[in-house]
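Asks: Input sequences plus hints: build the corresponding full structure.
Residues 1 to 327 (this note's numbering) are what the sequence shown spells out, left to right.
One should not assume that every hint holds.
To be verified - Simulated crosslink set (DMTMM-like; lysine to aspartate or glutamate; CA at most 25 angstroms straight-line):
#	residue 1	residue 2
1	Lys231	Glu309
2	Lys234	Glu293
3	Lys251	Asp167
By construction, these hints were calculated from the structure, which means they are not laboratory data.
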Amino acid sequence: MRSHRYTRTMRKVHVRMSSDLTRRSLLKGAGAAAAGTAAGSAGCLSLVGGSGKSLTVSSKNFTEQFILSHISAELLAEAGHDVTDKTGLGGSPANFKALKNGESSLYWEYTGTAWSSVLGNDEVISDPEKLYEKVDSAYNEQYDIDWLQRAPFNNTYVVVANPAWADERGIDTLGDLAEYVGSGNTDFSIAMNPEIEEREDAWAGLPDTYGFADSADEIETVNMKLGLAYKAVKNGDADLGFGFNTNPKIKKFDLEVLEDPKNHFIIYNPAPNVRTEVLTDSLKQTLNEPTSELDTETMRSLNAAVSIEGKDAKQVAKTFLQDNGFI
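Replies: Structure below.
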């Protein structure tokens, strides 16, 4: 392959409840009422969240993880737990090690990372729920770690295009791109970093998956930091670019994500990973509450609020929880 080197405002999903009561306050009220009823014989029952555990929440060291970590920490604190905040602890290995040895009680991990990097599997599983079930089962059996509810968003690799370039060529999917290349059209460029260029689950294996491996060497690859690829595509310095699905620059630069109908890219749905020994039904309920609201559009907007608008990740997480009635 030819190559040369270049060395939303946050969408608020409102959940309205009568008398401005949040879901959390209603659950607290129910817990308090139960405590009052049972006080004569069993003493006071704890509010939602159980007995007020001492818990440590950690995360990886990038914007999306900061937000997810603070969402969990805020929920736990609101539920009456004593929370130690280790947001930004390090990469996947550091967080996984901390979770196994008890230095962390929970952190958010991605199914694709767990399946390929932690568990060492090469098989590509295109069904999100099947992949989730397999990593949950393996973690539970091997490490005494439970995967809670997975979020809908999938922060996998994507190929982005300037909509005008894609529309002119009738390209909406990677399958369309393959047909375009198969018709003899290789005079375009795609921006990526060297790692993406060499990864079988990224660019290196994509021509084989979509059937244009014989022509792939004729396509120009423009090597640059992945964070710069979005603007390069917007400005016409590259026709296509690799990125991550929840990166807010996709929205900022109004780029089109080419769909991946053959599921070449590994699925990366995140979920809270919790040590089995600390997990209770009430803790699971607390942490699972907001997860279904975290779709791709929402996560891009939350990421944009921090990385583009310059807002504090902890406050962005808290605002998200308040706007949706979780605290």
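Asks: Now tell me, hint by hint, if it's right for this structure.
Replies: Here is how each hint holds up against the structure:
no.: 1; hint: Lys231 <-> Glu309; in the structure: 17 angstroms, holds
no.: 2; hint: Lys234 <-> Glu293; in the structure: 29 angstroms, violated
no.: 3; hint: Lys251 <-> Asp167; in the structure: 18 angstroms, holds
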